[in-house]
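Participant: If you want the building blocks of each chain, they are given just below.
Number of protein chains: 2
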Amino acid sequence: MLVLITYDVSTDTAAGRKRLHKVAKTCVNWGQRVQNSVFECKVDAAQYAQLKDLLSQIIDLEKDSIRFYNLGDRYHRRIEHMGIRSGYDVEGVLMV
Amino acid sequence: MLVLITYDVSTDTAAGRKRLHKVAKTCVNWGQRVQNSVFECKVDAAQYAQLKDLLSQIIDLEKDSIRFYNLGDRYHRRIEHMGIRSGYDVEGVLMV
Numbered sequence: 001m002l003v004l005i006t007y008d009v010s011t012d013t014a015a016g017r018k019r020l021h022k023v024a025k026t027c028v029n030w031g032q033r034v035q036n037s038v039f040e041c042k043v044d045a046a047q048y049a050q051l052k053d054l055l056s057q058i059i060d061l062e063k064d065s066i067r068f069y070n071l072g073d074r075y076h077r078r079i080e081h082m083g084i085r086s087g088y089d090v091e092g093v094l095m096v
Numbered sequence: 001m002l003v004l005i006t007y008d009v010s011t012d013t014a015a016g017r018k019r020l021h022k023v024a025k026t027c028v029n030w031g032q033r034v035q036n037s038v039f040e041c042k043v044d045a046a047q048y049a050q051l052k053d054l055l056s057q058i059i060d061l062e063k064d065s066i067r068f069y070n071l072g073d074r075y076h077r078r079i080e081h082m083g084i085r086s087g088y089d090v091e092g093v094l095m096v
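Each protein sequence line maps, in turn, to chains A and B. Each residue of the first sequence is one higher than the one before, starting from 1 at the first, in this note's numbering. Each residue of the second sequence is one higher than the one before, starting from 1 at the first, in this note's numbering.
A hint or two may mislead.
One copy or two, either will do: identical chains are not told apart, so a pair holds if it fits within one copy or between any two.
As the list claims (entries may be wrong) - In silico DSSO-like links for lysine-lysine, alpha-carbon gap of 30 Å or less:
id, residue 1, residue 2
1, K63, K18
2, K42, K22
3, K52, K18
4, K52, K22
5, K18, K42
Quick caveat, the hints were computed from the structure, so don't treat them as lab data.
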């Protein structure tokens, strides 16, 4: 299934900037960045649970926000894009 | 249906900052902001087409990026959240 992850991490402090970096680094291990704070991750149920657990240990629940949108398996027709692309296709070769 | 809109608008120039403001203002008319550049909009097919048309006239296709994720009608079980909330429920009263 494809899971969309969007996040807002407070970067007022050095600790916040560190959290932002760790969230992005974690998401990159599981999927592709499509926009600044938006990742698309192809995962199964077990991986999804593990990813949520990892991210829950990184963010500050009082300051940051992460949202998960499960787009299921037949996600292609659910997604549309306008403008510049981040240069990748979640299943294809990274277009550089 | 619920449509998720995520965007990255280049703010290097005053024109970019103006586009960012217009994109957010347009999305606010159609839905709720859940994160900085993330909106959830409850729309029907005709409204969705109109919203995409409006946004396509605002952004610079060479510099900005907007993504649309159609979560369908049964979207509640598709969405999970961690951390601070932006203070609203897409169908309920705005929690302020």
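Participant: Each hint: holds or not?
Facilitator: To see whether the hints hold, each was checked on the structure:
Taking the shortest Cα distances, K63 and K18 sit within 30 Å of each other both inside one copy (13 Å) and across copies (27 Å). Taking CA atoms no more than 30 Å apart as the test, K42 paired with K22 passes inside one copy only; the shortest distance there is 19 Å, against 32 Å between copies. For a Cα distance limit of 30 Å, the shortest separation of K52 from K18 inside one copy, 18 Å, qualifies, whereas the shortest one across copies, 35 Å, does not. Taking the shortest alpha-carbon separations for K52 and K22, only the intra-copy value of 13 Å comes in at or below 30 Å, while the best inter-copy value is 33 Å.
In this homomeric assembly, K18 and K42 come within 30 Å of each other (Cα to Cα) only inside a single copy, at 25 Å, whereas the closest approach across copies is 35 Å.
Of the numbered hints stated above, none is contradicted by the structure.
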